[in-house]
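Can you make the complete structure from the sequences, with help from the hints?
One line per chain: the protein sequences are C and B, in this order.
Following numbering that gives the first Met the number 0, the numbering of the first sequence begins with 0 at its first residue and continues without gaps.
Following numbering that gives the first Met the number 0, the numbering of the second sequence begins with 0 at its first residue and continues without gaps.
One or more of the hints may lead you astray.
Said to hold, decoys possible - Some chain B residues flagged as far from chain C (calculated, every beta-carbon gap over 12 Å):
| # | residue |
| --- | --- |
| 1 | Arg3 |
| 2 | Tyr5 |
| 3 | Lys103 |
Claimed, not checked - List of simulated lysine-lysine pairs, DSS-like, C-alpha gap at most 25 Å:
| # | chain 1 | residue 1 | chain 2 | residue 2 |
| --- | --- | --- | --- | --- |
| 4 | B | Lys55 | C | Lys73 |
| 5 | B | Lys22 | B | Lys93 |
| 6 | C | Lys20 | B | Lys93 |
| 7 | C | Lys21 | B | Lys93 |
I should point out that these hints are in silico values taken from the structure, not numbers from a laboratory.
Please read these numbers as outputs of a predicted model, since none were measured by experiment.
Cβ atoms here follow ideal geometry from the backbone N, Cα and C, with glycine treated the same way.
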Amino acid sequence: MDRSQCLYILVGGSHLMAIAKKAIVWGLFAAGGTLTAFVVPALIGLFLLIATGNIPDGLQFDQIHAFAASWLGKACLFIVLFLSLWHAAHRLRGVAHDFGIRQDTLVANTVYAVAAIGSLLAAFYLFSIR
Amino acid sequence: MSRRPYVREMSKTTWYMRNKRYKVYVMRELSSFLVGFYTFFVIYALGILATGSAEKWDSFLAAQQNTGMIIFHGLALLYFLFFQTFPWFKLAPKAMPVQLGEKKLPDSYIIVGHYVAWIVVSAFIFWLAGVI
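Dropping the structure here:
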């Protein structure tokens, strides 16, 4: 293999990596957008019910604890929280740009780090509910 | 490139105030704050649940019951519906067009499909929470 071929593969490889990385970030963003569009209104509705003092049976301690203790409940909650966090992080990165903050690398690292911390926290709490 | 390129003057922080389209765009993007806020709110609630104490959960629920929270959640719900959920459904046929042979499935079918699915999902969540 001569040098130009080697270079070609290297450049092609990093380019593919960049595409793959972009696809993951964008895929999580799109999945999160759809999920939040579908789920968050009902979630706010539940908080609204709580605020008015009409607490649904499913949100009383025994029931909600049992739900979060089940593996299906854990999986549902984690997927919703994880995708929502990534979706919000990705869009807040754009919002920062729109409001004149142009240090994109710093902003991106910050928002994705907060999303990662939130995801880990959710995983930790879910894991300790049993 | 010319030596003195024309640079249109534009504020980096208030550019979207110039026209309605941009204002709506920025309003829509700001709904991501609500997504972030409610996600961390749920994680906070999970943290209380993780203590395993029914008393702490009950006092968390009690702390949520006030007029301020009713107004906040009410406004958040309206904002979220009009600047996230409905626009997302509206753009769905553009983001994922469905092709059937030579033809495309009409946009209205995809949009109505999303609304129906949304009602089903919401009903399922309310059923899961014991509301209905």
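Comparing the hints with the structure gives:
no., hint, verdict
1, Arg3, "holds, 23 Å"
2, Tyr5, "holds, 21 Å"
3, Lys103, "holds, 20 Å"
4, B:Lys55 x C:Lys73, "holds, 20 Å"
5, B:Lys22 x B:Lys93, "holds, 21 Å"
6, C:Lys20 x B:Lys93, "holds, 23 Å"
7, C:Lys21 x B:Lys93, "holds, 20 Å"
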